[in-house]
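Undergrad: Residue numbers (this note's numbering), protein chains in the order written: chain A, 1 to 289; chain B, 1001 to 1138; chain C, 2001 to 2143.
One or more hints might be untrue.
In silico EDC-like links for lysine to aspartate or glutamate, alpha-carbon gap of 16 Å or less [claimed, not checked]:
#1 LYS2142/C to GLU146/A
#2 LYS2142/C to GLU182/A
#3 LYS2080/C to GLU146/A
#4 LYS2080/C to ASP147/A
#5 LYS2142/C to ASP147/A
#6 LYS1008/B to ASP1023/B
#7 LYS73/A to ASP63/A
Read the hints as simulated data drawn from the structure, not as lab findings.
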Amino acid sequence: MSTSTLTHMLQTDSDSLLQEWLTEQLQATTLRRDLLNEADLRRDSQIFLNALTQAVQVSPALDIDGAQWQEIKAVLAALSRNRATYGFTSSEVATFVFSLKQPLFQRIAAALKESPQKLQSELWSVTVLLDQLGLYTLEVYQRSREDIILRQRQELLELSTPVVKVWDGVVALPLIGTLDSERTQVVMESLLQRIVETESTIAIIDITGVPTVDTLVAQHLLRTVAAARLMGADCIISGIRPQIAQTIVHLGIDLSGVTTKASFADAIALALTRSGFQVTRQVSRARTP
Amino acid sequence: MERIPILKLGDCLIISLQIDLHDRLALAMQDDLANMVIETGARGVLIDISGLDMVDSFIGRILGNIATLCRVLDAETVIVGMQPAVAITLVELGVTWDNVRTALNVERGMAFLRLHLDASQAMQTAPEETHDDADAGD
Amino acid sequence: MTTPTPEIEVLPVGSEDDVVRIRQAVRRHAVALGFGLVDQTKLVTAASELARNVLVHGLGGQVRLEPLPVPISGARPGLKPGLRMVFEDQGPGIPDLDRALQEGFTTGNGLGLGLSGSRRLMNEFSVESRLGETRITVIKWKA
């Protein structure tokens, strides 16, 4: 296993190698001309080749876990994360590394055509090396995509379940759509946080817009009520539709310690009364034509 | 050894807990509070735990003890400022704190104590009137 | 993106000051591993309970905090980081383990929720206990 020819080539012939590699990349069907211009591509490729030159010089190891490969891995990681952010697909990202094979192999073949044994050895080494680097790039890309999706999900979560202030000291959380365990947890935590921020003593959790409730979700609801109570606030759960009421009874969930109201309006009325407010209707004067 | 300072505000005592609450510090606080309630004749005790980023079963028990102790000494206790993460953890830990009164913050806590103290004040004057009514009925 | 996660930390449990230090260390590890605030609190609370147990019942011992980060390479999708905490002592051991793990059981001054409570806060919980050696291993994974 040897990469001596590669090392030599990178040191002496990098400019034309870069040019050939660029040509290869620009011809690829996976090129995203809408997201990447030639100048950027050239710059990225140059940086990679420099790092590769550095790495193989230290030792021709084929395992990229060694210290000398940290630099080039950092370069690839940065590139990968960047491409992930801009919406490149995994193939498009992988092409960057794998497209280097063609120009490299051609040159190695030309340089070692007199020694088939060495040629085979060198080609194998270079293949193994580039494959590892390419796979590493893909792993980082994958991870970045997951992080982005997670972050977007979080933002969507926060946007779709706002905690609204009904009146001084009363907040309401209208839950819409199916609740999964994770979403419910996040939403409940933000409710408790809002209770503190708004100094509210009553929180109305309205589940009119929730089609079904399972044991886990009911558990989270009850835990939230208990946590709010520990903090010094009370919860009213409203909008429990007949089907949900049946499910709750069927699941054996004990709602005895929790204040519940059939409608959101009833809950608001109760909350205001408990807070010491009284709503009166003003008698309006008739308009004189 | 350092001790947690207790403030006196009218007929109420206020104590503020911070993180790094050693067990012995918590026990000392329990003693100090009880002593001060007796010395000052305080009718209300407010414990501010907004500075605690964690409450475990030991500290939870101390706080519960204080509430019970104070009730025996004819003082009402209110614990304020529990952080949401702490509340959620305590619920999952299984702590229920049935005998402990809580409020969102110092302001609300004091308002509650005021209400409670005024109410018990009023109750102490009322019985004389009802007594007369009962006697009149004989 | 790569924040260096702390290495394995071994801390003594010999005094109440140690318990406070352990709370702080667990908080640091939890933050570094990216745990949310609620999970951080659960980790710190469980650590406090278990450390106190070592101090009061185990007559002193140590805790080993092992961060379990997700490796950059060779990671499977869906793999999450976690924190493993191992509490060890050479004390008399837990005589009736089943009872101790039940709700509300108490021998000391605590609410008795130390062991069972900690179990509820963690994802994985295992106890090995006999005279002269007790080891409690807990793991919490990031949600």
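Undergrad: Now look at each hint and say whether the structure bears it out.
TA: Now the hints, each set against the structure:
no.	hint	in the structure
1	LYS2142/C to GLU146/A	holds, 15 Å
2	LYS2142/C to GLU182/A	holds, 12 Å
3	LYS2080/C to GLU146/A	holds, 12 Å
4	LYS2080/C to ASP147/A	holds, 12 Å
5	LYS2142/C to ASP147/A	holds, 14 Å
6	LYS1008/B to ASP1023/B	violated, 24 Å
7	LYS73/A to ASP63/A	holds, 12 Å
Against the hints set out earlier in the document, a violation occurs for number 6 only.
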